[in-house]
Amino acid sequence: MEHIGEVIESSTKGYVAQSPKVGQSPSFGTFVKTDSTPVVYGLVYEIITQSSEPGRKPAAYDMSIDELKREQPQIFELLKTEFHVLTIAHAQSKEIKFTLSPLPPPIHSFVLECTDKEKKELSEQDFFLRTIMSSSNVPLDDLIISSLSNASKIRKNNDEYIVRMGKSLSRYFKDDYERLSSILRRIL
Amino acid sequence: MKIVGRANLNWKARFFYAFRVVFLLYFVTKLKRVIFSLAVLNFHLVKSQIDTMLGERKHFVDEFGVKIKLAQSELHNKSQDWEELSKKAQESKTSWLLAGISSALDIRSPLPERPPNYTAISSDGSQIFPDRHEVLPCYLINISSVVLHYGDNSGATISSDPYLFYNDEDRFTVWDGKKIPANSNVISHKRTLMEFERLLYLIKDNSDRENVISISDGTLILWNLEGTPADFKKSILEPFLDIMEEFRNKRIPLAGYISCPGSTDVVNTLRLGLCPEKVSYCNQCPYTELPELPCAPIEGLTDRNLFSTLLKQGEMSAVFRSSSKILESYGDHHIYFFYLNIGQEIARVEIPKWVAENADMLKLVHTLVYDQAKKGKGYPVAISESHEKAVVRGKDRNFFFDLVKESMVKADFNVSISRKGISKRVPGV
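Going down the list, the sequences are from chains A and B.
The first sequence: position 161 = 161 (the working numbering), numbered continuously.
The second sequence: position 273 = 273 (the working numbering), numbered continuously.
Honestly, the hints are just simulated from the structure, not real lab data.
Keep in mind that a hint or two might mislead.
[As the list claims (entries may be wrong)] A few chain A residues facing chain B, derived, Cβ under 7 Å:
id	residue
1	Arg70
2	Pro73
3	Glu77
4	Lys80
5	Thr81
[Claimed, not checked] Among the chain A residues that face chain B by a calculated CB cut under 8 Å, a handful are:
id	residue
6	Lys69
7	Glu71
8	Gln72
9	Gln74
10	Phe76
Source: prediction; values computed, not measured.
Just so you know, even glycine gets a beta-carbon here, dropped at the ideal spot from N, CA and C.
If we strip away everything but chain A, and leave its shape as in the complex, we get (with noise of 0.2 Å):
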């Protein structure tokens, strides 16, 4: 399987990895896993475009985007792609664990997508809900949202999945009644 991004920061929570072409990173919310030992499994939760080098910034151009690919095809050079991916699992054989890798994945470490299998099994029970809800620095609700979604695609959009996961939100939010509802409503 061909890799979608390349370990750059890492630490026991999450990491950073940079996408091999600019603009080509996987979409917010999808179930992401590195080639590393063990296997740690996450969520894409923020996508950067930037500057390459620090010293420089982007300015307009004033031109589409074919324009700019013919006429000044170097800045999509200078420029790098960036996905932040939130730890939820990870697989030291086999068998996925729903807690933090004892250790972080080594940097350099290629980043896949998950397959379909990996991501019915890592999204068959509610931990990974959990572990969005206890984090922070992340858009929490649309997190969910997202890779709810991409979970409940997986599996043809069932309707007893998204009812099965909607019950473990209410449980989450208890009496917060309003962002559970704004969720639910998103998602269906």
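On the provided structure of chain A, position chain B as indicated by the hints.
Just chain B now, kept in the frame of chain A:
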């Protein structure tokens, strides 16, 4: 809530307010003095010299309008009988460089249409000079490669490669029959040569592309080789001219781009025109007793000043022949130049003879150099990117020597730095 203006303050508040203002002014003055006294450079003395410089400069600015009008009218007048001025320039011996003329001086060529597909190639270099106060006498040259394809199949390749030199054959050079350590002058020449070797490599790598141009930063005239011994001059010039020959064989134009040029070749030729002598010999000037030399009224002007009043955006000047002494060794690759209004400024573009004499190539250089400058908002984008990729900054230099030291320590080498090196790092009190 009651808002009280300063006018309504009681005497105590007024006194306190005035005290605050006085204290603030005193504090700012003190702070300036402290900053000035902390700096190693004595800015008090520098400032007075700056004022003197500006005073003298103002005198020139006041005269500038008169000088430029005279130069403009000379440019047009001498264009009528440019052959005569050209002949005089060839026969005279002046103390300044003259522009060789082969057409009217005031020609303006409009911007030709740009081909939709083209490739711009550039390379630049930067170096870390050897330092005998460091652990090892080695040096580093970083060479960048920039290839920009425009139009269909557009794309960009931007990279750089560092080269470490440490062998005796690199650390020493033959200078007037003697073996001397490679100093900054030698390394700079070596770097220039490496830049052109890289350009040639890139040209060969892109030989299937149409409308390829190679642009480099600065002059193609290696004038600083003048005054170097014949053996050293040959070691640089021969391979350089071989590279030029390969460019010619491949029919790829080569252009040297000079931003904000300070050259005065064309103005000098006009000054020669002002000289009443039929053939001028500056070392036998008969007018030295006069309050002002006949050639002086336009002295101080640059070609850039002159052509900024003539050329409209996109237009290029006539092509002139440089008379730099080193070019006597260039043969068929003698350097010619023209001025180009790129919108934000007047640039000087240098080209070899075989480009200057080929109308199609000249048009290609004109339109592509202009397009490159336009894309780079006033400076050719290929040159700008090659500089950015090559540049080695001060902190890179320090890191490089630290890396050498660290690697030596890890490999169990005995590491020692000169006392001067240590003193520079940790100055005592």
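With 8 Å as the cut and Cβ atoms as the points, is A:Lys69 at the interface with chain B?
holds, 6 Å
Taking the least C-beta to C-beta distance, is A:Gln72 closer than 8 Å to chain B?
With a closest approach of 6 Å, the A:Gln72 hint holds.
A:Thr81 as chain B interface residue, shortest Cβ-Cβ below 7 Å:
This hint is violated: A:Thr81 lies away from chain B, its Cβ roughly 16 Å from the closest one there, beyond 7 Å.
Does the interface hint hold: is A:Arg70 within less than 7 Å of chain B, judged Cβ to Cβ?
holds, 5 Å
Min Cβ distance, A:Phe76 to chain B: is it shorter than 8 Å?
holds, 7 Å
Can A:Lys80 be said to touch chain B, with a Cβ gap under 7 Å?
Hint on A:Lys80: violated, closest Cβ of chain B at ~13 Å, above 7 Å.
For the hint on A:Glu77, just tell me whether its beta-carbon gets within less than 7 Å of chain B.
holds, 5 Å
Can A:Gln74 be said to touch chain B, with a Cβ gap under 8 Å?
holds, 4 Å
Is the shortest C-beta separation between A:Pro73 and chain B less than 7 Å?
Hint holds; A:Pro73 Cβ to chain B Cβ min 4 Å, cut 7 Å.
Does A:Glu71 pass the interface hint, meaning its C-beta sits closer than 8 Å to a C-beta of chain B?
holds, 6 Å
Comparing the model with each numbered hint stated earlier shows that hints 4, 5 do not hold.
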